[in-house]
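*Asks:* Residue strings, one per chain:
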Amino acid sequence: MEDDTTRCDVMVSLPMPTHQRLNINFSHGCQNNVVLHAVDFGAKDTDSGQPGGAPAGGGVREVFWSPSEWPGWWRQLASESAGVFSDLQSCDAGQGEAALRLSLLKLSRRYRSCLRASMETVTASDEEDADTHRQLLNSMEMVWNLSEIVLVDQKRGGVVLGQLLDWVRQHATQFDKSAAAVTEAEIPEKHPDYWNTVYGMVLQGRQAAARKLLRLHSGFGTDPFVSADELLRKVPPLAEGADFELRWRHWQAQCVLRLESGEFGYSPRLQTLVKILCGDAVTFEDLYREMGSWYHLMVSYTLYSRPWVGIFELRHAAEDSIEVFGGPSQLSALDQMLQAALDGDIHKLLKTAQATLPDGWLTAHLADLLCRLPDISGAGRPSFLSELRHHLLVEYGSALCASRSLWQLGAVYLDQCGAQGRARLALLLERLDPRTDRRARKIIQMAESRGLSAVASSVAQVMGRRAMAAGQLGTALAWALRSDCSALASQLADTLVKQYTSSGRFASADFVDNLGSSMLKSDRLMFLGKYREFHRLYEENSLQEAASLLVTLMTSQLAPKYFWRTLLTDALPLLELQPPAFSTAQTYDLMACVEQLRRSGDLDESSEEVRLLRQALADNLWRASIAEDSVAS
Amino acid sequence: MSEGIRRINTFVSTKISCVRWRPTPQDTLTPSSQFVSGSWDDEENCLQLWQWSDSGDDPRCLHRLPCRPDVNCLSYVSLDVFAAATSDGDVTLYRHVSERLEPGRRWDRLHPTKRGAAPCTWLSAFEQELVSVGDDGRMVVLNMHSQKPGRVIAADTCSVYRVQHVTHSHVVTANMRGQLKSWDLRADSDEPTSSVMASQQQCAVTALARHPTQYHVLASGDGDGVICIWDMRQPRFPVTELKSHADEVSDLLFHRLCPDSLFSAAHDGSVCQWNIGTTASSGLSARLHTSGREPPADAAQTSWLTLDASKRYLDVLSLLPAGPLPVNSLDVSEDRLVCGGDNEVIHCVSQLTV
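So the protein sequences, as listed, match chains X and S.
When you line the first sequence up against our numbering, it's residues 1 to 633, in that order.
When you line the second sequence up against our numbering, it's residues 1001 to 1354, in that order.
Don't take each hint at face value.
A few chain S residues facing chain X, derived, Cβ under 8 Å [as the list claims (entries may be wrong)]:
1. F1011
2. S1013
3. D1042
4. E1043
5. S1087
6. K1114
7. R1115
8. D1136
9. G1137
10. A1154
11. D1156
12. M1197
13. Q1200
14. H1267
15. P1326
16. V1345
Treat the hints as calculated values from the structure; they're not laboratory data.
As the structure is a prediction and not an experimental result, all values here were calculated from the model.
Just so you know, even glycine gets a beta-carbon here, dropped at the ideal spot from N, CA and C.
Construct all of the structure, not just a fragment, from the sequences and the given hints.
*Replies:* Here it is, written out as structure tokens:
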């Protein structure tokens, strides 16, 4: 077997701390990146003695393999079409077929106008490859338009030629350009493009424009020209119904008659023109180069052979036209998509689109629209379509989430993808970097409004830990409370308590005062709150309450052991009060605590402090007993 | 949406974090026709100057200045000069020169922390003075003409989200824990003169607005979408609470000429106009021609503060319906409103009724 492991497409070098036993571990980021960090596999895991993987230094690095920034015109397309997408989701599927098709048609037209608006923006901007982008958008609009005509907007009887003519006129603009050049020329008929333009106008069904061009010819007053002009004038306008077919056949019979009677014998050009009107296949084939594309040939030929046909017959005409242009092997990707749309082969259309277009915009939105159609062309909705739509929307939404700025739009799409979309959104939201407070709040709000509380908590924890690393304990505590993570809150409360022990001041005193019910989230936090309350009571001179609070703090095991010394020191001034602030029971409790400290060896009996403490306790005890006895008696 | 209001939506391909109308001279009633916008959340953000005449056209971008960090706040200091605060902790002054913007004085890293520069979250300007607050909890007083910052007050132990001048020396800050603190800039001490919790749930206060004529009336919006009206002379409890938004309030503004109108924008994508008055026809034109029972001066004196007591009529108009993406900022000039948000659209609304 060929050794595939040595082949790689891209190699990236990363500066890492050099150490013999370091390895690299990775985890997935969003769509287009991985996150790498160094792991020391040589370090032994302390519990089991097996080599484990301890995180080593060097930080964490992200590697992106595709750009996460989209150009301005693409962002405009994404934002505008997201609005249309949301409206499409709220489209009522229960309305009758005709009404549903009408709503879907309107939404489809809105999508196309988004594409055209983006085209205008691209044209207005002066980037180097503006032209390529514009052509791409143009092709996308073409494919969408054809799909709309064939699949969404079903006419009774399936006659679509009028719409197809409009479509061809919009996209085959070469004749407009040459018409402008010809009319401005001094002697129009001598212009090399004159006759091609006339043919082109006729081929596109623009008989009035063709007649205007003919008028510019010097030989206009002569019989052949007058006759040709009359034929052009009398073309029956496209309509539905049996009598249209009758009138049209009658008109074409007229054309054939005049042609065969030799009226145009002296003017080969006019003869070609009338042959077009007669639907002469050979003439059409001769002119295929002027038309430039198989769909133009197909539409024009049908216009002058059987303009009342429906979609089904058009498919045959499409195959014939493709043959003229060199057969299926000569088809470009765009041509393949157009043929698939004409055939109603949604699978092939979407497959080709996904393979050739640079992003999933067209496939995702088109699949979503087509999925909502009522029964397509009588053959039943393809079963694969809803799964395909689901998959395409998830991919598109994920791609949006992976971009630097469009992650909020991604959520709009992933919301419509059921459970899988939700799970994907949860994973992606967690991997977004909450760079600032503002962004973090938005990510958290997005997660909470969708019920992804684990994600919200995790983002808040990240912010809390960052604030802690930056030394901003108050901010960190606020985030810790927001995240409902009691471990982080306890850690912060511990840090604050230790800060107090070392500096004698409370940082964030006003925060702790106003904690309210969030104190309950962590034991250590509760202790901090109560301790602060003790200080407040002491300052307000409510000494009895302060005293009982102190005792509660010690006996209820709320206070950490290392803090007991400080608490007992705080108790000293209260113990010396007259009348005693502590009752006998409370004094016994305090003594028990001192005893506990002594047993665990934390008490330095020889120090002055401890001696004073014991003395004060004893003094308070006899004063309290006397006070209680005298009350009792 | 209300009748008679016209709205134009322009896709701008950047997320808008702040929009501000360029001020017109105080004595004129002509609405402003230029506004500036700042973007955020891109690799390279930008400041843009726009021109909009209310003729049905889209606003036109006159000048686009790149600015790498997120723009958090824009605040006009005078008719031609505004200050921009960024997420790198910088504050830069920009001047309008013909139809362009030129950067001027710049203060760097006003809010440093152990881990780098914290963002500068908001600015408040009063005459020649700027106050900047940031995520490090500090409040920095800047003078437009001096490079060295004036006082630096360690205002809070957590991020301060908003600051608002009430008078020249009285400043109110709002932090992420929902506390509103008043400061006297002339005093030497670093302690606030008063401090009050805006809500019992410790919800961050995310927007502040000052009444244009009665300086003691302050409106605050918090992270749950509740707007509170405060009387800063007795700031123990809010005078009224207005609840219409489903999500965090991002920007609040009293109308400069008709302070009975309050505008609010929120992260649920909606923009609301709150109008009070005793009858439906109390508006700008009514004020000019009124011959009602109460003299108009008194009616304006106490409207917001006596909202509950006198059961005055409160009308909520929705200028922009709720959507999936947040609206970050709004500004009003006479009868025009401009707002923008994360949907990458600038909405220009004209013919407001105030």
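*Asks:* Does the structure break any of the earlier hints, and which numbers would those be?
*Replies:* 10
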